[in-house]
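No gaps in the numbering here: position 405 of the sequence shown is 405 in my numbering, and each next residue is one more.
Below, a list of computed lysine-lysine pairs in the DSS-like style, where the Cα atoms sit at most 25 Å apart:
1) K146 with K163
2) K122 with K46
3) K221 with K146
4) K214 with K191
5) K33 with K404
6) K249 with K404
Think of the hints as simulated: they come from the structure by calculation, not from any bench.
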Amino acid sequence: MFKTGVIPAAGAGIRAYPATNYIPKVMLEIAGKPIILRNIEIMRDKLGVTDIYVIVGYMGEMIKQFLGDGSRFGVNVHYVECREYEAGMARGMLLCKGLIKDRFVTILGDEVYIGSDHERLKAIELCGCAAVCGLMRTDDFRAIAKNYTVRMDGERIVALIEKPLNIETDILGCGTYLFTPEIFSAIEATKPSEFSGRVELTDAINRLAAGRQKVKGIFLKGLYQNVNSMEDYNFACYLYRSRYFDNYKVSVVIPAYNEEESIAYVVKDFAPHASEVLVVDNSSGDATRKVALEAGARVETVRLKGYGDTIKYGLDHAKGDILVITEADHSFRAKDMGKFLEYMKDADMVIGTRTTRQMIEQGANMKGLLRWGNIFAGKLVEALWWEQEPRFTDVGCTYRAIWKDVYLKIRDNLHAPGPEFSPEMMIELLRARKRIIEIPISYYRRAKGVSKHSDNYFKVAKTALRMLKMIFLKRFAK
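Given only the sequences and the hints, what does the whole structure look like? Please build it.
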């Protein structure tokens with residue numbers, strides 16, 4: 001049983017720019033939970049660790065503020081300050097030398113494990129071993145090239161190769177280790193790497209393996225991603241969401257006001273693709289509520305200021321993990337739901353664009369000026385939030401999907417009561433450093449009635465001015 005753990009979390013994560021300009025890499029979230037917390041949970045739940053030393057440096061105060069003393073997470077967290085965090089992870093590990101007198105577990109703070117069997121490590125007896133390295137088998141040679149691999153003699157590791165140029169094995173070295181205090185002496189005796197100029201932890205373990213001390217390898221199962229770059233982080237999010245996607249529930253939210261002629265079509269179209277269809281009826285003067293109920297929707301009648309408030313109410317009260325917003329006029333179809341859900345594995349929010357001409361039905365309310373106006377506004381948001389690397393061609397498309405936990409993080413910053421709510425959502429996701437993907441969708445004529453926001457050029461101009469005002473206020477107002 002291991003009671004002590006160490007999590008190196010001091011690095012600046014420069015390869016994960018631009019996110020790490022604002023947040024330590026270990027605080028990036030996977031499905032609403034920081035990576036470092038996920039690794040604390042592995043130590044606590046699978047290995048029985050009670051005391052964890054977190055090595056902090058770059059933006060360390062943010063980590064401290066989140067973890068505190070660890071009591072709310074069921075562990076005791078102690079902090080080790082590493083002011084020279086650019087000197088490498090091994091330097092930070094060495095700061096623990098006077099604090100740890102017995103064997104301990106180390107999991108790197110920027111590694112993601114999904115469905116792993118770390119509990120197997122509890123049964124390991126070191127029996128003369130100075131270290132145990134967690135390994136996995138993979139056919140992803142690029143992952144091996146970015147981490148390390150090993151040469152083995154039975155269970156014994158005889159050599160570790162950092163970022164190998166010639167890959168001769170399917171063994172991927174992970175950042176899970178069992179150490180005795182001998183690792184500290186090995187770090188002190190290891191020379192800086194010719195490639196990085198720093199003392200590397202892998203080189204220190206290799207020194208142990210080449211000497212009299214034995215280093216063992218244990219093969220772990222599950223999914224794994226070392227987060228070095230934003231591409232790595234996005235892929236880790238994708239791996240997690242894909243693994244558990246069948247467990248997530250989908251809610252379709254439909255804001256409605258006097259839509260009795262079309263609401264039944266929409267409810268029946270979307271119901272087979274969702275766990276619930278929630279119609280938020282903003283005190284319609286017609287039979288919208290009755291028709292929606294008969295079609296099988298859950299209906300909540302409210303009296304709110306406008307369109308944006310109605311959507312926000314629906315997002316607040318929807319029960320699903322994935323929230324899909326669509327219109328009550330049947331201008332969007334459930335046939336595009338599959339695209340939304342597939343891309344939701346890869347994004348925090350997926351938004352539709354109605355600007356692909358081949359996908360606009362003849363007679364749909366997306367004439368030339370309106371279409372180009374949406375494209376202009378999308379490019380304006382791109383320019384104003386350029387550092388977040390967005391790509392938009394339509395800020396007014398309501399058809400979109402967002403993870404509920406992501407919505408809750410931006411909810412209190414959403415104030416637009418009307419149609420400007422749509423671009424406000426996009427902007428707040430950008431300000432929260434979340435990932436938005438825009439996809440082309442089909443756009444149809446309304447089933448019945450006329451648009452309340454874009455039926456004529458006067459309404460279009462009024463809506464556009466509200467959107468532009470909100471966009472500039474979000475960017476420039478203090």
